[in-house]
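Novice: Each chain, written out:
4 protein chains.
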Amino acid sequence: MIIKMDTGASAMEIDDVVAKVHALELEAQINRGAARVVIGVFGANTGEIDSEIFEAFGGVESAVRIQKPFKLASRDFKPDNTTVKVGDVEIGGNKLVMMAGPCAVESDPEVTMACARLAKKCGAQLLRGGASKPRTSPFAFQGLGEDGLKILAEARKETGLLVVTEVVDKEDVDLVAKYADLMQVGARNMQNYRLLDAVGRCGKPVLLKRGLAATVEEWLMAADYVLRCNGHPNVILCNRGIRTFDGATRFTFDPGVIPVLRHLTHLPIITDPSHAAGKWQFVPDYAKMAVAGGTDGLIIEIHPDPKKALCDGAQSLTFSDFARLTGELQIIASAVGRSM
Amino acid sequence: MIIKMDTGASAMEIDDVVAKVHALELEAQINRGAARVVIGVFGANTGEIDSEIFEAFGGVESAVRIQKPFKLASRDFKPDNTTVKVGDVEIGGNKLVMMAGPCAVESDPEVTMACARLAKKCGAQLLRGGASKPRTSPFAFQGLGEDGLKILAEARKETGLLVVTEVVDKEDVDLVAKYADLMQVGARNMQNYRLLDAVGRCGKPVLLKRGLAATVEEWLMAADYVLRCNGHPNVILCNRGIRTFDGATRFTFDPGVIPVLRHLTHLPIITDPSHAAGKWQFVPDYAKMAVAGGTDGLIIEIHPDPKKALCDGAQSLTFSDFARLTGELQIIASAVGRSM
Amino acid sequence: MIIKMDTGASAMEIDDVVAKVHALELEAQINRGAARVVIGVFGANTGEIDSEIFEAFGGVESAVRIQKPFKLASRDFKPDNTTVKVGDVEIGGNKLVMMAGPCAVESDPEVTMACARLAKKCGAQLLRGGASKPRTSPFAFQGLGEDGLKILAEARKETGLLVVTEVVDKEDVDLVAKYADLMQVGARNMQNYRLLDAVGRCGKPVLLKRGLAATVEEWLMAADYVLRCNGHPNVILCNRGIRTFDGATRFTFDPGVIPVLRHLTHLPIITDPSHAAGKWQFVPDYAKMAVAGGTDGLIIEIHPDPKKALCDGAQSLTFSDFARLTGELQIIASAVGRSM
Amino acid sequence: MIIKMDTGASAMEIDDVVAKVHALELEAQINRGAARVVIGVFGANTGEIDSEIFEAFGGVESAVRIQKPFKLASRDFKPDNTTVKVGDVEIGGNKLVMMAGPCAVESDPEVTMACARLAKKCGAQLLRGGASKPRTSPFAFQGLGEDGLKILAEARKETGLLVVTEVVDKEDVDLVAKYADLMQVGARNMQNYRLLDAVGRCGKPVLLKRGLAATVEEWLMAADYVLRCNGHPNVILCNRGIRTFDGATRFTFDPGVIPVLRHLTHLPIITDPSHAAGKWQFVPDYAKMAVAGGTDGLIIEIHPDPKKALCDGAQSLTFSDFARLTGELQIIASAVGRSM
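Chains as they are written, first to last, in the working numbering: chain U, 1 to 340; chain Z, 1 to 340; chain E, 1 to 340; chain B, 1 to 340.
Excised from the complex, chain U in its bound form (with noise of 0.2 Å):
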């Protein structure tokens, strides 16, 4: 339920509101707009509260339901676009933004000190590689583990760019955190409500990947999660392409669902053309797809040696084609209104 304060609501009134929903064993959500107060109002059996308690308190405007099976979520919570601060930059704003770095981290830290530095040279603000690697075979190789964190960390005081990156696990959160300033769900965990719970109480920003046959609001959902435990909306959305009958491409790529989520969510948007294409052939295409449908930003996999990249290199981009890529996308960002 969505709780609308008047304009000039008071504090005790908005306090009182509150009270009323804690004392009814719900929980409240507070989205201070420009305009008014918003108070979400959630739990297992929202279903059975009659609005009307709600409108006869002091300073309420009115009190609704929200019909979607999302929440926090949704615009119907907070009307208007969010952006999320990871360090010093802003990603939901008018500058697109720019994540890129090998797939893993591999044990020679000049991999990823050499993919660091061309990402900043071509205008990167963030620098991504995995250091626990959710792998489909048992067998292969699995990530570095803190190891590799640090080699991230290393290059973030190096370049100045920001790191995302994955965590796997609950039982993780608190060692990525040390390290990441943005931590990466990823799509095989889209569901892994432990995970989100954890990600969303350790304070840091989450990029919440798309799960691989995820309807939207189910992705939703998983946003949910994340954005009832940190008590502000500090999730980023990254579309990744999904899983359908055509194996022309590693998963189908994904972003018509851009101007989907624009019109359901607040939320900051992300595209990842790498995993979507599977061939770094389509990654540029991809990319500029996606700029010119509204993304928030993009997170590309580079490598200095594809073909000898321990993971995924067959989608990753070599230096050359990044920086001519990243010319190419301030044009497009340009031509939609967006600065890169």
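Derived from the structure by calculation, the hints contain no laboratory data.
Note that the coordinates shown come from a computational prediction; the quantities given were computed from them, not determined experimentally.
Heads up, some of the hints might be wrong.
Identical copies look the same in the list; a pair holds intra-copy or inter-copy alike.
List of simulated lysine-lysine pairs, DSSO-like, C-alpha gap at most 27 Å [claimed, not checked]:
#1 Lys-170 to Lys-150
#2 Lys-95 to Lys-68
#3 Lys-68 to Lys-279
#4 Lys-121 to Lys-150
#5 Lys-308 to Lys-279
#6 Lys-308 to Lys-68
#7 Lys-178 to Lys-308
#8 Lys-20 to Lys-85
Given chain U, put chains Z, E and B in place with the hints provided.
Specialist: Leaving out everything else, chains Z, E and B in the frame of chain U:
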């Protein structure tokens, strides 16, 4: 099998090879490129023919099997991009093509005329409009038939726009060819092989929509049906969304297929954002993505009063939205080095 | 709209209602059930007709709108199961029906004859075999045409088996109807509406395969096309697998649709395990599942020497495997209260 | 790599081979079959190991690479069917296993007790029930946790049924293992690798559900994670429907995967018809299909009063429907040569 002739092969040498192909009860298609002639050899039993038979002929550089299941549509057969002429409009060149109009031609000719005038004013080259509508239910409006084709011809006469319209059955090919400049084969008919044969033989260029669950290979094999019959490559592919688990839009928009096609085939590609989206709100962003991703043109549904449209009103742009979009698309087109 | 007549309504009262329907420029279809007559009213504009118009007529018990998008195929229109007579074979009754034969009728008639003899010996009632093969590639074997139909007719003459074979285009309907007892519309043609109209009008019963990405609603609307034209409900549905992300089999077997159809429609259901599996190894288990799940019959590909089959040999059962399977199926059939 | 030892290889020869495997920093798993010992060699770099190294050892018959991406789960590693013991119940043998119970353990213990009594009476061997429910929305009922596990243990004490329940996170493994006889890993967690590792190590047998868009290969690689950690093959696969375009049921029932799995893996297979159907009406037919198609058992949701169920009531069978179904299944089981 692909027989590459020497760059200086004589007409007689070419004829000799073709005669040998026919003697083997196979089909030959000749692709006269800038540098050299390539002869495609096709038939059910090409797998049993030894390539050395042809390599012994004068003027033959090499004879190799095409590994891909599609042949005439493949870049192996024709490495250079094809441009298709529809009237005096070239599709597949640097200049993007815009096709616009109502979903169905309605009994009030003024609806179609108004669309045509607006489309012309906004720089479109073709008018779209369905005279025969393949509808899922037998009890829904099925189109005006020849009366609808006449309205389209009337609009062409007034505005100079060329006409693209769907042909739904082999028996209609002659009738539709009388009025249309570009023959559209719809998604439901992508594997209606008799229809493909017939439109291939009619001489007019063909717009071949992707079946809603067709793989890229099946689509290009469908193009092979048309190409085999018309002898010169005047097929234009049209992506229009695929069917997946994701119900957020009518179909799942599939612009990721554009660079994949560019890699595999020499044929031009047109994008239909309207059927994919199913909702007018998403059409502009979908159109922008397609242009950024390298499409050769767009086909968009417009209507003077979408709420009163007999068919697919929800996905039709109003005139003002369409006019605004065409302006925005020009900027993106030039950002990717194309004109519009 | 469904008009239920009183149990004792007179012929004249029924005629009056039908006359009124026609006066409104709508179509009427009459379902004469055991207890009462039901009149279906169909047309593009039934939504604008007030049901009270009919309720005022003598002998009318009620007039209500059909909410589902399919009408004639729905249980709302005809609550009792339909049995379709093919020759003297009843499909949809207690006794399961077996159809078997080669994928394609091959130029050597003995292949088809041998299949027919075995099928007969194993208790099958119908011989299947494709005379026109809709092939994905234009360069693959396309079938023998009328020569193939003659071979099927010859096999019928010798064995007494009835013939089911595919008709791929409207222009072939008369020819195929001359030879076939049951007209098959293939998956690729499920939404070839001209073909549906034509087979509906030809008077022969129709086996309507599910399109490979067709929803249940679309399938039943396709049945409506046929039902609308033939005036009596002689359509048999055939599930044959759908296209999904799962590439372990040629298509994803869909027997789960059997009870769903049973719930929604009165039409009989036949199952094709061969095309779903794509590999003969899985065909027997798929056939057993379908029988246990309530199918009314099976259509199975067999071949005397599958490795030499011109078409789909990988999914054809050998004679000994088929003979064993028919024995096993009888036991399962009786376990679910059916005979075979 | 698979090292087949001679039928008469000595323990010392086996030890020598294993020592060599470890010296190469690889993992060895030993499969002691009736006729011979097979040693599986696993690790990220097995591709670089020359098989001749092992063929030079005494007692080694052959050393060959496993081509499939899954290893321990494959029939290449273990050709004979595996039977998994849960308490004194054998899963994967001739006798089919029935698991039944409520979707979620509810706060009223009597719901679970009543289900357990009925399940026992109908011949079930295991009681199912969720104590931790992974729910799509954070605001839905999430399960009772340990209180729920205690209720399940209580029901076991009274009825003698064994308990299968889901573990949703690595941190819960010890707690759940204290109460459960069979540890369920849900569809959403099929690729939660930390959880797979942990349940593999806990020593209890594991029921591994198919992810809703998981390919067969991915599923068997997930089984590899568990198998690698527990050292003996006590994993049971559970098919439960997949996500496709078809919205007629909650998921698309996937019994076609049963013979595919039988072909590829030695692990037993259990079928969940309830989650696939999403509607109780279809559950009995789905259960029958699975038995006819070769499943080793079923897991079915039941509830004394489905309309009041806290979770998934629409797909729960009433007691009378379940009792009738178990009777019908016995007949089908014996039709395919199994007991129940």
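Novice: Measure nothing new, just compare the shortest in-copy and cross-copy C-alpha distances for Lys-20 and Lys-85 to 27 Å and report within, between, both or neither.
Specialist: neither (32 Å within a copy, 53 Å between copies)
Novice: Go through the copies and call it for Lys-308 and Lys-279: within, between, both or neither, with a Cα cutoff of 27 Å.
Specialist: Cα proximity of Lys-308 and Lys-279: one copy only (15 Å, versus 38 Å across).
Novice: Given identical chains, is Lys-308 near Lys-68, meaning Cα to Cα at most 27 Å, within a copy, between copies, both, or neither?
Specialist: between (47 Å within a copy, 23 Å between copies)
Novice: Is the C-alpha distance from Lys-170 to Lys-150 at most 27 Å within one copy, between copies, in both cases, or in neither?
Specialist: both (19 Å within a copy, 25 Å between copies)
Novice: Measure nothing new, just compare the shortest in-copy and cross-copy C-alpha distances for Lys-178 and Lys-308 to 27 Å and report within, between, both or neither.
Specialist: neither (30 Å within a copy, 46 Å between copies)
Novice: Regarding Lys-68 and Lys-279, is the shortest C-alpha distance of 27 Å or less found within a copy, between copies, in both, or in neither?
Specialist: between (37 Å within a copy, 19 Å between copies)
Novice: From the Cα coordinates, with 27 Å as the cut-off, is the pair Lys-121 and Lys-150 best called within, between, both, or neither?
Specialist: within (22 Å within a copy, 59 Å between copies)
Novice: At 27 Å max between alpha carbons, let me know whether Lys-95 reaches Lys-68 within a copy, between copies, both or neither.
Specialist: The answer is neither: 30 Å in one copy and 43 Å across copies each exceed 27 Å.
When each numbered hint is compared with the structure, violations occur for hints 2, 7, 8.
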